[in-house]
Amino acid sequence: MTSLFDKALFEIILLSLTVSISAILISTLISLPIGTILGIKEFHGKKIIMRLIYTLMSLPPVLAGLIIYLIFSNSGPLGVIRWLYTPQVMVIAQILLATPIIIGLASAAVAAKAKRVQNTLTTLGASPRQSAWLVLREARGGIIAAVLTAFGRIFGEVGAVMLVGGNIRHSTRVLTTSIMLETRQGNFDMAIALGIVLLVISFCISSFILRLDKEKFK
Amino acid sequence: MPLFKLENISKIYANNTVLKNIDLTIESGISYAIIGPSGAGKSTLLRLMNLLELPSFGNLYYNDQSVANANESVLLPLRRQMTMVIQNSQMLAGTVEDNMKIGLKLRGLPNSIIQEKIKQALAFVGLKNLVNRKANTLSGGEIQRIALARAITLEPKVLFLDEPTANLDPQNVAMVESLISDIQKQFSTTVIIVTHNLFQAKRIAEEVIFMHQGKIIEKASAKTIFNDPAENLTKQFVHGTMIY
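Note that the protein sequences, when read in sequence, are chains A and B.
Quick note on this note's numbering: the first sequence kicks off at 1 and runs consecutively.
Quick note on this note's numbering: the second sequence kicks off at 1 and runs consecutively.
Among the hints, erroneous ones may be present.
[To be verified] Below, computed lysine-lysine pairings styled on PhoX-like, alpha-carbon distance capped at 25 Å:
no., chain 1, residue 1, chain 2, residue 2
1, B, Lys105, A, Lys115
2, B, Lys101, A, Lys115
3, B, Lys185, B, Lys202
4, B, Lys202, A, Lys115
Hint data in this document are derived by calculation from the structure and do not stem from the laboratory.
Since the model is a prediction, treat every value here as computed from it, not as a measurement.
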């Protein structure tokens, strides 16, 4: 059995964090404006969009992986850039999984706050843009929950990253794919240890984000 | 020159005509009460004058400027000359001070002026000691008084009030009413209050507008409306004999 704290493990942890944090940051940047608009504005076709987003919130990771695989495979539309089996494509697969979750949960949080405070903000002289920003700020608890939920999902998922990353040692192996590999090889103690590492990292990141929110907005 | 002039204003929401051919003038520095049964269109009329909504038809003038078809860039600076306190005033997360800062920050005022205005407004409503209190720990009466203080800091030309005491106990009602009268007297603010409480309209307003089914039935001095109204409907309403 390999040592739990060897160089390879740190490499795996680092890649897991790099891929998932990059994915969550990009996904949050994409999702927040969309979630805010969906939460605040009423427009034709909004119901259909919301239904689509709620459906995509439960998109199976392996299906997300398959879609990205087909896009980036040699015969796919983006095959020419040769990103398949690289961390970049793993990030893209995780963005596909995280974005609907953040949009769906953030729009619900924004809508709940907007209903309560938007009228007050307008009567206080807020422009539509200022009002949207203040509502977003007011809904930060729900938004943080949305981001943490999405992070939990992508950090712990295996189907998509396995399919598009290939679990290549020193290249695309992350914590979840390592757990799968160790389990298949019968190294259950190692798999459990990796699982605990994954949980501890998740706990630390959640605590850090929640603490940051508390200190900044106390 | 009237502060507001409404000419043949109608407001329609999804085939439901809420305001019908409203003609109205509002003069500066006077206190008005809009009374009438539920569904008469009182709050909609208030929202139109606060430029929160635009009429479906007709002309709306504020300070002689036509705003019926104005876009947001025209409306925003005008809307900032007014403010509204509603029945369930909302406080945002943070302290009383944070909440009172919002409107002032939106207007880009420097921090030193913001602090001074907050101090003066809280003293005016008698809640100076609550400046650092979490807004979510305030009582209903305190919230309404803070909402009035928040409104004062903005030095509005027009203060709209939509049932501001509907959920308060008698002691807080008296306190809020007294504050509204003080604001009108001390700052020469035009006060327009929507209320179901006829006694409140009598106590606060110089002029009373009676609405029924989306129309203005009568506009006269409070004395006339309550003692000798010209219209039968008004008479029935103020005497409590109207069936609706």
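Verification of the supplied hints:
Restraint check for lysine 105 of chain B and lysine 115 of chain A: the C-alpha separation of about 22 Å stays at or below 25 Å, so the hint holds. At roughly 21 Å between alpha-carbon atoms, lysine 101 of chain B and lysine 115 of chain A fall within 25 Å of each other, so this suggested pair holds. For the hint linking lysine 185 of chain B to lysine 202 of chain B, the alpha-carbon distance of about 16 Å falls within 25 Å, and the restraint holds. Restraint check: the Cα-Cα separation between lysine 202 of chain B and lysine 115 of chain A comes to about 33 Å, which exceeds 25 Å; the hinted pair is violated.
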